[in-house]
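Residue numbers (numbering that gives the first Met the number 0), protein chains in the order written: chain A, 0 to 703; chain B, 0 to 676.
Check before you lean on any hint, since a few could be wrong.
Said to hold, decoys possible - Taking lysine to any residue and the SDA-like style, the derived pairs with C-alpha atoms no more than 25 Å apart in a straight line are:
1) Lys-458/B <-> Ala-485/A
2) Lys-149/A <-> Asp-181/B
3) Lys-433/B <-> Pro-125/A
4) Lys-594/A <-> Ile-152/B
5) Lys-306/B <-> Gly-194/A
6) Lys-594/A <-> Ile-232/B
7) Lys-433/B <-> Gly-61/A
8) Lys-98/A <-> Lys-149/A
9) Lys-281/B <-> Ile-152/B
10) Lys-132/A <-> Ile-232/B
11) Lys-420/A <-> Thr-12/B
12) Lys-433/B <-> Gln-160/A
13) Lys-462/B <-> Gly-351/A
14) Lys-433/B <-> Lys-360/A
15) Lys-458/B <-> Gln-160/A
16) Lys-132/A <-> Ser-157/A
17) Lys-306/B <-> His-367/A
18) Lys-149/A <-> Ile-152/B
19) Lys-371/A <-> Gln-419/B
20) Lys-306/B <-> Gln-160/A
21) Lys-306/B <-> Gly-351/A
22) Lys-371/A <-> Lys-462/B
23) Lys-433/B <-> Arg-197/A
24) Lys-567/B <-> Lys-420/A
25) Lys-594/A <-> Arg-184/B
26) Lys-553/A <-> Arg-522/A
27) Lys-360/A <-> Asp-181/B
As the list claims (entries may be wrong) - Between beta-carbon pairs, the in silico distance windows are:
28) Ser-252/B <-> Ser-143/A: 44 to 54 Å
29) Ser-38/B <-> Ser-387/A: 47 to 57 Å
30) Leu-494/B <-> Glu-577/A: 22 to 32 Å
31) Leu-165/B <-> Thr-99/A: 39 to 49 Å
32) Glu-118/B <-> Asp-305/A: 53 to 63 Å
33) Glu-118/B <-> Glu-362/A: 31 to 41 Å
34) Arg-197/A <-> Ser-38/B: 42 to 52 Å
35) Gly-385/A <-> His-574/B: 42 to 52 Å
No lab work stands behind these hints: they were computed from the structure. Fair warning: this is a prediction, and the values are worked out from it, not measured in the lab. All residues carry an ideal CB built from backbone N, CA and C; glycine is no exception.
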Amino acid sequence: MHSVEQSLSDSTWVHFTSSYLLEDDGQLRLVGVDIGGTFTDLVLYDENKGVMEVAKLLSRRGEETEVVLDALNGLNLEIASIDRITHGTTVGTNTLLEKTGARIALLTTAGFRDVLEIGRTQRLVPQSLFNSKFVRPRPLVPRSRRLEVKERILADGSVQQPVCAEEISNFVGRLKEMEIEAVAVCYLNSYANGGNERRTAELLFQAMPELYVSLSHQVVPEYKEFERFSTAVTNSYLGPKIREYVAALEDRLKDVGYRGSLFVMASNGGMIDAERAAAFPVQTILSGPAGGVVGSVALARELGLDHLITCDMGGTSTDVCLVRNGQPVVARDNTVGHLPLKTSQLQINTVGAGGGSIAWKDEDGALHVGPKSAGSKPGPACYGLGGSEPTVTDANLVLSRLSRSTLLAGKILLQPVLAEKSLATLAESVGIGSAAAMARGIIDIAVAKMVSSIREISVERGFDPREHTLVAYGGAGPLHAALIAARLSMERIVVPIFPGNFSAVGLLMADPTFDSVRTHFVRMDDACAYALDAVFEEIASAPAAQLRNAGFEKERRFRSVDIRYVGQAFELTIPAGEGPGWLERLAIDFHRHYKARYGHCHSDEPIEIAHLRIRVTGEVEKPRWLRHPEVERTLGGALIEERDVYFREQISACPIYARDQLPSGQRFSGPAVIEEYGSATLVPPEWEASQDSKGHLHLIRAEA
Amino acid sequence: MIESPSRQFDPITLEVLNESFVAIVREMRASMVRTAYSSIIYEGHDFSCVLVDGRGQLVAMAEDNPVHIFPVPMEVGEMLEKFEADIHPGDVFLHNDPYTGGTHLNDVAMIAPLFDGGEMTIYPAVRAHWGDVGGTTPGSISGKNTEIFHDGIRIPVLKVIERGDLNQAVVDILFHNMRVPDERRGDFYAMLATCHTAHQRLRELAGQYDWPTLVQAKQRLINRSETSMRRRISGVPDGEYVFEHFMDHAGHSLDPIRIRAQMVISGDGLRVDFRGTDPQVKGAYNVGPAIAPSAVFAVIKAFLDPKGPVNHGAFRPLEIVTEPGSLLSAHYPASCAGSMEVSHAVVTALIGVAGQIAPDAVTGDLKGTSNHFYIGGNNPLTDEAFLFYEYPAGGTGGFAEEDGNNATRNFTEGDFSSIQSVEVIEHAYPLQIKSLELRRDSGGVGFRRGGLGLRRIIKVLSKNALLSISSDKNIIPPFGVFGGGPGHTNQFVVLREEQALMPSDTPGKVAGFPLEWGDCVVMETSGGGGFGDPLEREPVLVEADVREGYVSPEEARVEYGVHLVGGKVDKEKTHICRQDLKSSRLRLPLIQVGILRDRGSRRLCSMNPNTANDLGLEAGALVELKGNLCAPLRAWIEVVQNHPEGQLGLDALGMAILQEGTGGSVVIRPLFVGAFG
């Protein structure tokens, strides 16, 4: 037992050279590194060698920089020749969920230090109704470190009371005394005039040049103080750690010869430069899962698909996201760890069911799957590392959907006997006849949860899942995709190349993206297109400079406007065009969008503008590849074995194929299992599968 | 009756169908938000969706407002009784009548039976708060209503759609009697669309499994919840418990309103009998028969079985008795506009009585009201009318493990946002918020402290604005439990040129108080009740409370007996101080006296004039009496000349509530030393 654990923890380098031939024989070398809680995935796109390669390493908490270097060293190439490294990280999310951020203080308007704690009096935690012992999550900064500043900006931006330099310098002593590492400056109405916040920052920097400071109007230039303050405080809470982390990574990369820039995946689906990530770490909260969605969007473009549902099923959870017309849906009112975060984020829904999720029976006899996960230690029962509770992975192994000769991290042989034992124990306690029936049940329940989660982002928002293609990745995604799709009557599935590393692949596709917004109230009747154009121009200057700063000359701008009926408190974001008549078209579009979303509109009611938004993007060179054409492949040649696999109540003799040996363009019917490093795709009897010339796997429901 | 467990049913199908039923309810909710016209629905989420079975038993709900959901079975019962065999595919019913299962008239229920399984098996119901249903004032709710006609138009259960055909006459009459009829019509069609969505999803589900499977699953889920609840009730010893809670008043005098709850546990069943509660009041603070059971359920569920799924099974072991003609089962023509306040009061009464059977689960008392708060007038900047409406939350009660939450929606309420953003208010209304803070010391003291209420100071920048409030626990505060202290009351004061004005002579009930430009309205919400003896709170927690500013150094010393030097606990002084405080508590021996006649519903306790004088209490003073039970008994001092000195007289019922008799003793804590009002 001990030796196995040993080998897990010192497992460092798994290296697979793919058979992908690159379309261009250029010199481009790109690297994507995705650091997750359990694994660090790396992908190299190398036109010089003409290959794409992936690698998977165990993550080491606190030693992320070293893991990245280990991965790069294993690539066996000159680091100086890498053109771009894009990095996805869960450091921010973990810091927030584990509450290991900086010791921070808040400077806020006198009379309002409790805004952060009172919020809008909501619990903001699901399943809290009827819980008389509910404990509301505490703010990241305790009350005694929330300092009140005598200043006041009014709603129209006028200064009722300026900041007094003497008062701020008096606070400096207290900040030092309290050993504060970072400060958030959050004043009321700073969205309308950030002058007092900026002045405060100047005064703080004069006295404490090393201090990490977030200004609420810079983190979120929008109204609604609770969400803005909470986001700015979170930014400061993450700031010192992320700043240090990014700087260390940059330095080490430079040490080993990397000459390019380090980019970080942002929650909005674009990448940002390291400097910006350090200044606005709150924008990296979804850095991990965003990569896969961006990769899916690129895939959709390549395959000519408009509407997708992405499904990234990992060890502990499953992330789903809706893509409409090639654009992932973006949300602005988010919560992380039950704290509001008002940043642009891909609208990714997470459900606590993944391959490692544990199945269990509660005291009323009801069966559950997750949210508790066996993680990588002790892992599912079949790992033989001491786990005894049955997991989704154990269920798949017992049904022979996973190969009994699967090697975990290339080293550990899965043990079906242990999986069976764990399932049989649970089966007996809930009165189910066999381990196999139990296994099907566990998978049914896990699938039902994912189906619910997908319904939330599709049906419940007025989108029919049948219009969408399911893009399945993550280690466990391709194994469950057809089961999920069938429950939603979806007919098409794509399993992209390297599904187990697809989030890292997606990092290569991310364009530099910088957002800016300004709260700007004006009734449509009083609005003037030229005046609004001028405001747009103004708010575009910062993101445009950021883009240039990140090394990109060419830019594209996307304008949008948040609009509502007068008297409403929430807005719809409507894309805004340019040139003559854009404002008139905008008003028409608003009514149209409103009707599409809510089933009715009031075209004669007055409407008003609340926010102007601009997104400035650059464009990176993206990888292009083909499968190796000269190799003659046949379906028979791809056959690894035939084995008995459970589908529904039946056992079918089922061909098992090696994905990298599959011929291109040849359709074959289920049942089949397609195996590859890091994942396996299940093709149930009603489905047909084929692999395209780029290596993506397509599943189509046969009766469709 | 529990179905024989021998019948095999695949437990996995059961879990998948359970998930599916709840998913249908969630989709109904999403449909309402997407299609409703009133902002109180699509922004305030003041609506609820549910699936019921042929007998009106709840099959599935989401995290909706309990007070919306639990009356549904009674309404379905009314529908079944009234229409019997005359219910057909395509029929849709409307209802809002409080006397037959509704809440307040604004909450309109739609019930849409589905016959696809051959008979009515599983079908949807929706209840939504319509912004206006006619009546005296815009919005229909006012604390000063005195009869149901002031509340709006009353809809007995009726068919609004018959076999798929809309009854235009019904719809016309309804919308002709409501303000902003277009919006009402929009909400009506949103509810209809939501019911249709549920029908479609149920049909799809039946297509995958067939109706008998759905029906069987439904039944097993209900049975499972029943078994779960019964098992928990069985774990409680049999016995009888009684408690009285007093609401401040009904808005027209200062006489309190009595709610009496007697709980009987017998085996795996639980009965709550509200007989002895005051007759219906001439004011807005009455409810129909559906409200008390909802409030009872919320507390019992939370105290005994908080994690179990919510469906009808959990109700079955509970029997609720209310007396017709009492304010908990009011008759025509009583106004029910203040139904939420009554609902909160029943929750408080239940905490008092159920805390005795579930001492590990109990919490200090809650804010006891919705705190409806309106400022209406003219906006000088836009020259348009404005109406600012909030219903601010207070602190929640402390419990064995943790302090209460500061200014947070409580465990019996849906998770709506109860206050607006300061910046939204300052942008949209002629109002400036001077501060939004927690009220230091407002949480009830205790081993675990009650959560703090909030204080908001609102400066009015409009001439001729009017202030209206409907609130309770402005006089009688939320109680602490097991020796914990009360939270501070809800309070509403107007500051005018540095003078504090009471906006009405009936605290908490304000109808149209005229505000002047520059007035500052101080809105303060209650703290939660404390849990346990404050002298047993770990001194280091008191130190932290003082450091964080939740508790003042004075309160730390006077109530917690904690001495701080340079912000740190002085152990020795604290020890002495705590001993002194403990020995100086006002403990009086009890003596049972004959029936003390009520003074306007007040529970009286009697004492000799000299004793009263020694204790600094006047006749009519409000005190709380703490025995060994969970919650304190509130009583008013009756001074009796020939009373034995140094003893406190209580009549038989008073003794029964405290489970004490002559020879026992109680600790007295004065709430108002003088007579109030």
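(request) Would you pick out the hints that fail for this structure and give their numbers low to high? (result) Checked against the structure, the hints that fail are numbers 1, 2, 3, 4, 5, 6, 7, 8, 13, 14, 16, 18, 19, 20, 22, 24, 26, 27, 30, 31, 32 and 34, while the rest are satisfied.
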